[in-house]
Amino acid sequence: MRLNLFCGALLAVSLLSGCATTARQDVQPWQRGTLAKSEMAWEPDPLMAEYRRQVQYSKEAASGGATIGGGGCGCN
Amino acid sequence: MTTKTKTSKALAALTQAALALPGAAMAAEIQSDYLFSYYKEGDISGGNKGSGSSDRFEIYSHMFRVVAPQDGDRAIGLNLTYETMSGASPWYIAPDANGKPQVAMSGASIREERVDVQGTYSLPIAPFQTAFSLGYSTEDDYEAINAGVELELEDDNTGITWTGGLGYSDDSLKPTQGAKPTSITKDDKRSITVYGGAAFVLNANTVVQGSLSYQNHDGFLSDPYKLAYIEGQSPVADSRPDKRQSWAATGKLRHFLPQYNGALHLDYRYFHDDWEIDAHTVEIAFAKALPENLRLTPSLRWYSQSQADFYAPYYNAPRSDGYASSDYRLSPYGALSARVDLTKAVGPWAIGGGAEYYKASKDFALKSVDVENPALIDYWSVQFRATYRFE
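Each protein sequence line maps, in turn, to chains E and D.
Read left to right, the first sequence gives residues 1 to 76 (this note's numbering).
Read left to right, the second sequence gives residues 1001 to 1391 (this note's numbering).
Honestly, the hints are just simulated from the structure, not real lab data.
Since the model is a prediction, treat every value here as computed from it, not as a measurement.
Among the clues, some could well be false.
[Said to hold, decoys possible] Computed from the model, here is a short list of chain E residues facing chain D with C-beta under 7 Å: (1) Glu39; (2) Met40; (3) Leu47; (4) Ala62; (5) Gly64; (6) Gly65; (7) Ala66.
Quick reminder that beta carbons are idealized off the backbone N, C-alpha and C, glycines included.
From just these sequences and the hints, can you work out the full model?
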């Protein structure tokens, strides 16, 4: 299982690197106006995203992602 | 400098902000946010409840955040959360005369408060943009101190924005001593979180992000208020291993659809831990810009987990390792949730609201579940939020 996850991670990083090398040449800075729209943000509302993470963390077994999170339990 | 060059730099900066992770994102001006949320869990249905109150938790939350830029490339941030919680909680599960699991709820309604303060400071430490965080959270029976650092590196050669983070939390538990005994009077646990990720521009309308995270928990990981039923014995204290390691792989896609003037959001997370829980999370949303500076975002989320290897709704005999837990959070189930958000920008203000309904069931699980935990939750929550940017 851990080996599968590690292989998946390697594959994902390889794909990212390969795609990015291609994409870099295709998208110029002045073509990135759409990417700067608020609708395109990873988390358009960070406070709302933090609130939902806390609820999900206290009700589900799974957690984790590109965040170090905060503290506290808030469980019941 | 030509206008085109100025525009290009401004867009590059905006794109960088869009690719950045929340902890390391730089603000252009002072921004303050407030969020109020009301959360209410559905009562345990009559067919699943054995004894005690059927009223489950309701939570009122107030969250406040302010981020202030300093000297152009530095920023200081403060997050404050205040919550009040009340309601009854599942205590243990026992079979009825037909062997069907029934929930015994904690008798009296529990009332408590939680206060959480988080401070962040972002600054450039070549070649990274760096964000340090420090936080403190306290409840009647729980206290936690956490600290972390997050790094961000934009690679001009590849166009990839690399991010990484390290967090540590030291938590102390002092269970409230009420009418029912608890398994401990005091204990603690420590948690380490590490993550790494990469985001890049796929084309003029698409960005993607991938990340891996690892968590290590060490200490008292059981629930001091819960019991587990073993046939022929009095219910025993909830008992889990005192170590837990977990891994998560996450992928995110943002794709703008010009014909609909909105962005498709697609998130996926795979989770695995050494309690043998596997979980999948898929969330799809569409953030649509509307006239009058409105933004409407409907979303759907599906979640599914397998059970912890030592979990059972109740036990016919003690396990040889001594572990026992009937906590629904360790049971096999799936969950579906739907939410909608609406935001309107008015000058420096952005006012919004949202509502969500969540339901857990064995029927939503990825794999077939033989016995559903009768304490699975459903909840609905509503939010109001306001943002003000100081020009």
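Each hint tested on the structure:
Look at E/Glu39: its Cβ gets to within about 4 Å of chain D, closer than 7 Å, so that hint holds up. The criterion of a C-beta within 7 Å of any C-beta in chain D is met by E/Met40, whose closest approach is roughly 5 Å, and the hint holds. Interface hint status for E/Leu47: upheld, as the beta-carbon distance to the closest one in chain D is roughly 5 Å, under 7 Å. The interface hint given for E/Ala62 is met, as the beta carbon of that residue sits about 4 Å from the closest beta carbon of chain D, less than 7 Å.
Checking E/Gly64 against chain D by beta carbon gives a least distance of about 3 Å; that is within 7 Å, so the hint holds. Proximity of E/Gly65 to chain D holds as hinted, the smallest CB-CB distance being about 5 Å (cut-off 7 Å). Given hint, E/Ala66 at the interface with chain D, holds; its Cβ is 4 Å from that chain's nearest Cβ, closer than 7 Å.
Checked against the numbered hints given earlier, the structure satisfies every one of them.
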